[in-house]
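Trainee: Okay, here's what each chain looks like letter by letter:
Number of protein chains: 2
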Amino acid sequence: MIDKLIDDIQVRCSNCSLDTLCLPRGLSEREVERISEVIKRKKTLQRGESLYREGDAFKGILAIKSGTAKLIRDDQHGNEHIINILLPGELLGFDGFSGNRHSCSAIALETLSYCELPADDLETLCLKIPGLMREMFRHTGEKLNHDSQQIVRNKRPAEERLAAFLINLSERFHRRGFSSIEFNLPLTRQEMGNHLGLALETVSRQLKKFQDQGLITVNHKNIQIHDIPQLKKLYL
Amino acid sequence: MIDKLIDDIQVRCSNCSLDTLCLPRGLSEREVERISEVIKRKKTLQRGESLYREGDAFKGILAIKSGTAKLIRDDQHGNEHIINILLPGELLGFDGFSGNRHSCSAIALETLSYCELPADDLETLCLKIPGLMREMFRHTGEKLNHDSQQIVRNKRPAEERLAAFLINLSERFHRRGFSSIEFNLPLTRQEMGNHLGLALETVSRQLKKFQDQGLITVNHKNIQIHDIPQLKKLYL
DNA sequence: CGTATTATTGACTCCATTCAAAGATAGTGG
DNA sequence: CCACTATCTTTGAATGGAGTCAATAATACG
Numbered sequence: 001m002i003d004k005l006i007d008d009i010q011v012r013c014s015n016c017s018l019d020t021l022c023l024p025r026g027l028s029e030r031e032v033e034r035i036s037e038v039i040k041r042k043k044t045l046q047r048g049e050s051l052y053r054e055g056d057a058f059k060g061i062l063a064i065k066s067g068t069a070k071l072i073r074d075d076q077h078g079n080e081h082i083i084n085i086l087l088p089g090e091l092l093g094f095d096g097f098s099g100n101r102h103s104c105s106a107i108a109l110e111t112l113s114y115c116e117l118p119a120d121d122l123e124t125l126c127l128k129i130p131g132l133m134r135e136m137f138r139h140t141g142e143k144l145n146h147d148s149q150q151i152v153r154n155k156r157p158a159e160e161r162l163a164a165f166l167i168n169l170s171e172r173f174h175r176r177g178f179s180s181i182e183f184n185l186p187l188t189r190q191e192m193g194n195h196l197g198l199a200l201e202t203v204s205r206q207l208k209k210f211q212d213q214g215l216i217t218v219n220h221k222n223i224q225i226h227d228i229p230q231l232k233k234l235y236l
Numbered sequence: 001m002i003d004k005l006i007d008d009i010q011v012r013c014s015n016c017s018l019d020t021l022c023l024p025r026g027l028s029e030r031e032v033e034r035i036s037e038v039i040k041r042k043k044t045l046q047r048g049e050s051l052y053r054e055g056d057a058f059k060g061i062l063a064i065k066s067g068t069a070k071l072i073r074d075d076q077h078g079n080e081h082i083i084n085i086l087l088p089g090e091l092l093g094f095d096g097f098s099g100n101r102h103s104c105s106a107i108a109l110e111t112l113s114y115c116e117l118p119a120d121d122l123e124t125l126c127l128k129i130p131g132l133m134r135e136m137f138r139h140t141g142e143k144l145n146h147d148s149q150q151i152v153r154n155k156r157p158a159e160e161r162l163a164a165f166l167i168n169l170s171e172r173f174h175r176r177g178f179s180s181i182e183f184n185l186p187l188t189r190q191e192m193g194n195h196l197g198l199a200l201e202t203v204s205r206q207l208k209k210f211q212d213q214g215l216i217t218v219n220h221k222n223i224q225i226h227d228i229p230q231l232k233k234l235y236l
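Chains as they are written, first to last, in my numbering: chain A, 1 to 236; chain B, 1 to 236.
Hints may contain errors.
[To be verified] Restraint ranges, calculated between C-beta atoms of paired labels, are given here:
1. B:E160 / A:K43: 36 to 42 Å
2. B:R47 / A:T124: 43 to 49 Å
3. A:S204 / B:E37: 58 to 64 Å
4. B:R25 / A:S36: 31 to 37 Å
[As the list claims (entries may be wrong)] Interface residues of chain B toward chain A, partial, derived using beta-carbon atoms under 10 Å:
5. D75
6. D147
7. Y235
In short, the hints are calculated from the structure, not lab data. Ideal Cβ positions, reconstructed from N, Cα and C, are used throughout, including at glycine.
Hey, can you work out the whole structure from these sequences and the hints?
Mentor: Right, here's the structure in full:
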């Protein structure tokens, strides 16, 4: 009973600490109020549990509230390919837009809570709230840009890919109020490899090389970045 | 004067031979009539001319009427990366959805004619024609799927990438009423390399290998596919 | 017909993968 | 609390696929 009340309060986007990052970012106060009425707070997941699986029916656009997730596709050889990493305030589910079936799976990388803008309401809501439609288009556009950027980046040498990945994480953590120079990788070496198109050994060796060069300090999943400009130089 | 009349007639989607492939595919007859009123027929382009350039303001969603185009991003080293190839009836421009600026350039690969659904009308039209909004979402979803598929495929060996590329072209030509076993590549070896993340020499060698294996016959840009199932086996 | 672009082919090189083994960490249950 | 196991990470050595360099050939174009 109390839990339900708390949920009702927390799910209001205007009370959410992520309102400057998440869907509300591009919406007016009134518009946020209206989408708040249909946004559903979903149950918390543990590492390894899925937000949705490839082939699932599209149920709605999701927003990470806390924790991180990976967006993956499995190939015919049983290898996992990580298309993207999702941080709090980021949206996912757009891969379900075509054919109303998801073409990717979304898996929690750690304890994760999230919200859902149900598919049923999405269309009606877009008609009533033009700002929402614009935001949906903008977000899909950003996803497209991310993917094409990824296609380009994956052709570069291991050193550049990893440098770009670290800086990208750093900047995204920073925008969420975390430190940009010290954070924990939400991924294993294997997963970083899957994301960057490298063998896990290559990731390990490359991290060590950055450390030997004094650019970073690696301690298992903990990363300290000492020289952001130098790291950026490697791929810019 | 006469030209203008012809244009007015041709631009009506219901009279267009591509109406089963292009935007009209997912729309009712009435809906097609309504979008026809705002669709603009654009002037014909020659090889190398651009439909839009990276950084350009988003002006609308485009549809290829005849000819082919490439969607590219240039990296910091002046290398061109081909994100996608566009055939008649296919839509492009979605990379302009975020920030109202294009993040890619679209360049004609041969003489090309195309239509435009202007950005100004897009939003109002989506509000009036729910089917159009659904179609826009579906198309962006398909673009996302294509890109993530590309990310996965680009990690595979050269042989698989090229086989998949040839079969993909074959099937898309087929859907447009062309032969699936004989067609002209709209790309140079260099461009195929740029698309598949390979050196042009690798493309050339790999094509020769397929030919030596009796899978295809290559004659400059002309390709004859002799054994589609075997070619598919290489990557499935 | 000459020039520029595009394609083929060979030889060499190198970056990243693969294979292999050892070391470290976290989680589990006795 | 510690042993035990599974998972993850590091490091080395060898291999190989594709890139680079270079020269030639073929084609398209003005």
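Trainee: Run every hint past the structure and note whether it holds.
Mentor: These are the hints, each one checked on the structure:
1. Taking 36 to 42 Å as the suggested C-beta distance range, the pair B:E160 and A:K43 conforms, at roughly 40 Å.
2. Distance hint check for B:R47 and A:T124: the Cβ-Cβ separation is about 45 Å, which falls inside the suggested range of 43 to 49 Å.
3. Look at A:S204 against B:E37: about 60 Å separates their beta carbons, and that is inside 58 to 64 Å.
4. Restraint check, B:R25 to A:S36: a C-beta distance of roughly 36 Å satisfies the suggested window 31 to 37 Å.
5. Evaluation of the B:D75 hint against chain A yields a held restraint, the C-beta minimum of about 6 Å falling below 10 Å.
6. Interface restraint check for B:D147: the shortest CB-CB distance to chain A comes to about 4 Å, inside 10 Å, so the restraint holds.
7. A distance limit of 10 Å between C-beta atoms decides the matter here; for B:Y235 the minimum to chain A is near 8 Å, and the interface restraint holds.
Violated hints for the displayed structure: none, as all numbered hints are satisfied.
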